[in-house]
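Novice: Produce the entire structure from the sequences given, and follow the hints as far as they go.
Going line by line, the protein sequences match chains F and P.
-1 is the number of the first residue of the first sequence in this note's numbering; add one for each residue after it.
-1 is the number of the first residue of the second sequence in this note's numbering; add one for each residue after it.
Everything labelled a hint here was simulated from the structure, so no lab data went into it.
Keep in mind that the hints are not guaranteed to be accurate.
The list makes no distinction among identical chains, and a pair is therefore deemed to hold if it is satisfied within one copy or across any two copies.
[Stated by the list, open to error] No farther apart than 25 angstroms at their CA atoms in a straight line, the calculated lysine-lysine pairs in the PhoX-like style are these:
no., residue 1, residue 2
1, Lys316, Lys280
2, Lys332, Lys177
3, Lys177, Lys66
4, Lys21, Lys77
5, Lys490, Lys580
6, Lys580, Lys66
7, Lys580, Lys489
Here is what each chain is made of, one letter per residue.
There are 2 protein chains.
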Amino acid sequence: MPTYTAPVRDMQFLLHDMLQIEKYSNLPGFAEATEDVINAILEEGAKVAEEVLQPLNVVGDQEGCTLKDGEVTTPTGFKEAYKTFIEGGWSALSADPEYGGQGLPHVLNSGILEIMSSANMAFGMYPGLSHGAYSAIHAHGTEEQRRIYLPKLISGEWTGTMNLTEPHCGTDLGLMRTKAEPQADGSYKITGTKIFISAGEHDLTDNIIHLVLAKIPGGPEGIGGVSLFVVPKFLVNDDGSLGARNGVTCGSIEHKMGIHGNSTCVLNYEDATGWLIGDEHKGMRAMFTMMNEARLNVGLQGLSQSEVSYQNAVTYAKDRLQGRSISGAKEPDKPADPIIVHPDIRRMLMNQRAFNEGARALVFWTALKGDIAIKGEGEGEREAADDYMGLFTPVIKAYLTDLGFAHAVNAQQVYGGHGYISEWGMEQFVRDARIAMIYEGANGIQALDLVGRKLAQNGGRALFAFFKELDEYIAERENDAAVAIYIEGLKKAKADLADATDWLMKNGLANPDEAGAASTDYLHMFGLVTFAYMWALMAESAQTRLANGSAGDPFYESKLTTGRYFVERVLPDTSSLLARVKSGSESMMALSAEAF
Amino acid sequence: MPTYTAPVRDMQFLLHDMLQIEKYSNLPGFAEATEDVINAILEEGAKVAEEVLQPLNVVGDQEGCTLKDGEVTTPTGFKEAYKTFIEGGWSALSADPEYGGQGLPHVLNSGILEIMSSANMAFGMYPGLSHGAYSAIHAHGTEEQRRIYLPKLISGEWTGTMNLTEPHCGTDLGLMRTKAEPQADGSYKITGTKIFISAGEHDLTDNIIHLVLAKIPGGPEGIGGVSLFVVPKFLVNDDGSLGARNGVTCGSIEHKMGIHGNSTCVLNYEDATGWLIGDEHKGMRAMFTMMNEARLNVGLQGLSQSEVSYQNAVTYAKDRLQGRSISGAKEPDKPADPIIVHPDIRRMLMNQRAFNEGARALVFWTALKGDIAIKGEGEGEREAADDYMGLFTPVIKAYLTDLGFAHAVNAQQVYGGHGYISEWGMEQFVRDARIAMIYEGANGIQALDLVGRKLAQNGGRALFAFFKELDEYIAERENDAAVAIYIEGLKKAKADLADATDWLMKNGLANPDEAGAASTDYLHMFGLVTFAYMWALMAESAQTRLANGSAGDPFYESKLTTGRYFVERVLPDTSSLLARVKSGSESMMALSAEAF
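Specialist: In structure tokens, the structure reads:
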């Protein structure tokens, strides 16, 4: 049976040393987040994850959700665990105090999200979607809608969902058929079928708030005619009590590769009563608030499965005695050495470790930008932070899930044959991690978003700001021998990325297929460069600690070594990715469809 | 529901054009393999695979095998399918005519193995293991043992198994505890527990021939004290009829990630009667005959799952209408373009295509060496072919399964959300393909076998012969504009591999950890170079055809384009792999086990 221990110390290191979150006490909610408060929250969250959620992860996988007479039953223990979760106030952590939230920094919440997702990814999706619904209503709903829905979504008494996909349209939502007929009282009657609705129906709460994309008849064709509606499972009376059942039912739940503990529903809407969120035909704008947040959280899921699978692979590699070290027996008194002595086992573990710590730094670093984008004092400060959020969202979603999956596969490999056997739990991490590359916009779509939209947005303002930040950072440290390895690695990788960017600008406009052909490789280069930056920042923080009273602390020593491993063993990929980008689209697009 | 069409034409191209198998009519069994015979066999094999085995692939996954009162029941239809399979003589194709085989070339059989495995990997394992048992007994058994077991293994009336792993030992078989007590009549009493025994118990045949590794008490410690025994499920009477049930029982079957249609058994041996195969304490030598064959077939499984998942991804990419081509609508009359117009979808499909065709060429090319190693006329010719077999076996096993799995994941990605839903069948290909990276020696062990044993064997004779072959091949064509792209790519990649090899020779002996740290990246470089060679050979054959009566044939045109894609988009990886190799083991091995 797999185990999990929340990486609390690493998170403390990132918040207090690398990001020095105390510096931001001018932002609302940050002053309350003292070092003691942050540490207490992380430790409490770790307890819930380790003691309540993690033991249910295998149960959720084996039992799955069941649909009977339109009602979905979640796996044994999920209901009680959810009660514990919301009673602990975990769904309210970074929500608006105006509606009952605790108003703490989002960067802190993202740490809690990773911990909960590592312990039980399928479970974490229920509150995760609620928070997305909260954000969309908070940003685009009327004050009345906020008063009706936000307090219950924040407290967790109700959960939320996102309804986009239909059988014939996923990425291309312009093809949407679900209709919303305006009613005299200002409401709408929603009719249509939505699929792949995570947490679409369940027994955890007595109401579910569906956010639904639909077309108002007579509106513009395509994506410009899509509006967003709030459709509660049970209508809400003026006094806040629950009224009649709304016209939305669960037609079936999907049998899928993983995340069995979360119900993936087909939802049938028949004259369901809904209310417009935001403006008519501007549904995508409102939904994007929810999707961007969801994309960052899906990136976190990639990290979360790599982290938990890594922890178990380490335990196995230390326990499993097999063979002798090729450089001479390490434990001659035992029948064999533990397999962690073998370089190829180390390779897999170090790859995971370098990824997990780099990814966590990137998520925290970006989440802090998210806080600044909303709470920052100056307009310019908020805009700059929001630019970064937009630029990094597709990178975090796609790079962290591509790699998170690959590393869950590595962790399974460390187990040898036992990794393939269900009872060891490693193959579940692989199956669960797999979905993160697909939902919330398949990773190819993220790459296109990065290359086709985010790079050029506002004349490339976000990208140039990031490059400028990197160039200045590198220039300031070029002669600092202590961080030479990390800075040289970053400099070389950034140069490759700049080279690829120039190539894209020259060729992508002339022939959009060139941009499309390069998109995924470019996104991976971008991911590597952001990781190189994070590793340089972490190395500096670790060295500061080592030089100031923590000399010899293995935590900081390991940081430096893991960062060096990243630079030496992972970062060189930028050169072959650059070669691919520059090879262009010709041989990729040459074959006719018939030739396949 | 997924479908499958055997790549018969590609196999014909490889056998007749690239390998020109007709040239080898001097080898026993090759003269019989005329173009007509080969084509008829491939087409017949395709029918069985497409019509009988493929429809059972999903059934096998969903039903799995069941154990009741020690008896294992295979999924619905497997028994009938197996009957059809052996009645068609498919298990006898390349077996020794002396014992009832058809004696046809192994290279032809490897094509049939790929086809059967693409259609139903779990099913293909039953006859696959029988063939391995056949080979071990054929090579190391006594004439009496051959007479007793080979005819029934060849006809398929009986199946075979390999028994190596025990709960506490997989890779490190020296730790083995299963005992074999010598008896007065020359037999042995085998007692112990073996795990992960594929096809260990089933209802397809009325006898199962277990090949079991065990230790004879008083023998040498460790791996040098391991002997190989044949242990039939039912003892065989002198007249060939079945006698008493032997002391081997199935204790349980594993619940695993995939290949549910194949029973993975825990086998308990209690005073089971067995007979020594080969010499006492020389069991590993005998077992390696079986393992090397099995490793090539596992490599084939990697290819087989990439091929079948690729075919389905292509179909989906042509049917699914979503979005518009970024270079302008391709099918304006439809609500959207088929997703095959999108470059990132092409990228995934072309990566798979370039891999599948390159892998198939490599398997055929190596299998022909296998025929020559056994049937070749001159001692030198046999030795050279056997050297190549030894050198390429770990590469084919590990590279084809690492990439085969990665490409099954790509094919699943093409389906978007539907790829995660079981009913579409794509996630099964991923789960099934995953085991191939693990069993028959985890891929890290293959890398160590390549770097630690095969490179240096006989003073590097095999490697230097291969490098010499490449250098001469390149030199002869350097000024041939028609194949310039392929030759330049091969030359650059081979130079990187030679560079890495020099680095290994300089550093690997001084510090074995350097060799271990480099092993997997080196193996992947080796795989890329062999693929580059295969693509150059295929491009030449395609050009010959195009210049001789097949001008404009899309099959040959596509070969050239796909080969170019491989050179431009896949082959550049050698540069970053080389950088990794040269970065050495220091940062990989620096952390103490406690620091993890």
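Novice: Now tell me, hint by hint, if it's right for this structure.
Specialist: Against the structure, the hints come out as follows:
| no. | hint | in the structure |
| --- | --- | --- |
| 1 | Lys316 / Lys280 | neither (55 angstroms within a copy, 31 angstroms between copies) |
| 2 | Lys332 / Lys177 | between (70 angstroms within a copy, 21 angstroms between copies) |
| 3 | Lys177 / Lys66 | neither (27 angstroms within a copy, 53 angstroms between copies) |
| 4 | Lys21 / Lys77 | neither (40 angstroms within a copy, 71 angstroms between copies) |
| 5 | Lys490 / Lys580 | both (17 angstroms within a copy, 17 angstroms between copies) |
| 6 | Lys580 / Lys66 | neither (54 angstroms within a copy, 59 angstroms between copies) |
| 7 | Lys580 / Lys489 | both (20 angstroms within a copy, 20 angstroms between copies) |
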